Amino acid sequence: MLTLFPYLSRIKPDFYNVKILVIEDEKDLLKAIKNSLEKEHYVVETAEEYYEALDKLFVYDYDCILLDIMLPNGSGLEIMEELKSAGKRENVIIVSAKDSLDDKLKGLDLGADDYLTKPFHLAELNARVKAVLRRKQLDGKNTIEIGNAVLDLDNRELRIGGDMVVLNRKEFDILNYFMLNKNRLVSKMALAEHVWGDHTDQADNFDFIYYQIKNLRKRLQEAQANFEIQAVYGIGYKLGEP
-16 MLTLFPYLSR IKPDFYNVKI LVIEDEKDLL KAIKNSLEKE HYVVETAEEY
34 YEALDKLFVY DYDCILLDIM LPNGSGLEIM EELKSAGKRE NVIIVSAKDS
84 LDDKLKGLDL GADDYLTKPF HLAELNARVK AVLRRKQLDG KNTIEIGNAV
134 LDLDNRELRI GGDMVVLNRK EFDILNYFML NKNRLVSKMA LAEHVWGDHT
184 DQADNFDFIY YQIKNLRKRL QEAQANFEIQ AVYGIGYKLG EP
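Each residue of the sequence shown is one higher than the last, beginning at -16 in my numbering.
Since the hints were derived computationally from the structure, they do not count as laboratory data. All values derive from a computational prediction rather than experimental measurement. The reader is advised that the hints may include incorrect statements.
[Claimed, not checked] Straight line, CA to CA, 25 Å or less: simulated PhoX-like cross-link-like pairs of lysine-lysine:
1) K87 x K17
2) K2 x K22
3) K71 x K39
4) K101 x K10
5) K39 x K17
6) K153 x K2
7) K101 x K197
8) K81 x K101
9) K14 x K67
[What the hints assert, rightly or not] FRET-style restraints, in silico, Cβ to Cβ:
10) G70 x G130: 17 to 23 Å
11) E28 x R152: 33 to 39 Å
12) K101 x N125: 36 to 42 Å
13) K39 x N131: 38 to 44 Å
14) V215 x E64: 43 to 49 Å
15) L84 x D146: 45 to 51 Å
16) D135 x G57: 34 to 40 Å
17) V149 x N125: 17 to 23 Å
18) T100 x K67: 19 to 25 Å
19) D146 x F41: 45 to 51 Å
20) K201 x E224: 29 to 35 Å
21) K14 x S83: 26 to 32 Å
22) T126 x L84: 39 to 45 Å
Beta carbons: idealized from backbone N, C-alpha and C, even for Gly.
Can you build the whole structure from these sequences, using the hints too?
Here it is in structure tokens:
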């Protein structure tokens, strides 16, 4: 089952007029994804089977495609092959229950930008979409720059003022999520869903988030970052100027 914890914000996202195609044959999941993305102010179109998806892909251009592998009348990997043959460079996130290494590697080899295995949380999906869109804006550099910090998403490295700052895996994931959502209010639930996934359901409270953010703040301060993670009492956090 898909666990839904919508991330609500009064601040509109950085992306306007972004067009996304969701290719998915599970009607309930398709509806949930569409509703979630529309809350982020994206323009969302859908396709439920292979030929409908191909028709839309070769008539319209999309900023991002969410693609299931198992489809009626064909497969998502066949769609990837068609796109590659036609020289259409789209931003594709494969979303599928098939988690075999072969499928993942084949999808990435055909040009997919990311791979998300079902079941997943909508907060995680939204973060992946934002990451793909930001990489497109950055001309494929796959880095996020805020203030004097550069976050390298491929090598999972943080540099502040040119110096390397060592982060553990959770600290990197937290900072990545905050940098993707700069100046936006991030609820504790959304952060937990993104970084800890299914393990969040087993937690009695959010103390584990507090301790990770406390350590991350200390590392940023010691490295003299010119931004900070600010607490918003009773709600969550946001990344902004000191």
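Now for the hints, and whether the structure bears them out:
no.	hint	result
1	K87 x K17	24 Å, holds
2	K2 x K22	13 Å, holds
3	K71 x K39	13 Å, holds
4	K101 x K10	14 Å, holds
5	K39 x K17	16 Å, holds
6	K153 x K2	31 Å, violated
7	K101 x K197	31 Å, violated
8	K81 x K101	8 Å, holds
9	K14 x K67	28 Å, violated
10	G70 x G130: 17 to 23 Å	38 Å, violated
11	E28 x R152: 33 to 39 Å	35 Å, holds
12	K101 x N125: 36 to 42 Å	25 Å, violated
13	K39 x N131: 38 to 44 Å	43 Å, holds
14	V215 x E64: 43 to 49 Å	46 Å, holds
15	L84 x D146: 45 to 51 Å	36 Å, violated
16	D135 x G57: 34 to 40 Å	37 Å, holds
17	V149 x N125: 17 to 23 Å	20 Å, holds
18	T100 x K67: 19 to 25 Å	22 Å, holds
19	D146 x F41: 45 to 51 Å	48 Å, holds
20	K201 x E224: 29 to 35 Å	19 Å, violated
21	K14 x S83: 26 to 32 Å	27 Å, holds
22	T126 x L84: 39 to 45 Å	27 Å, violated
Hints 6, 7, 9, 10, 12, 15, 20, 22 from the earlier list are contradicted by this structure; the remaining hints agree with it.
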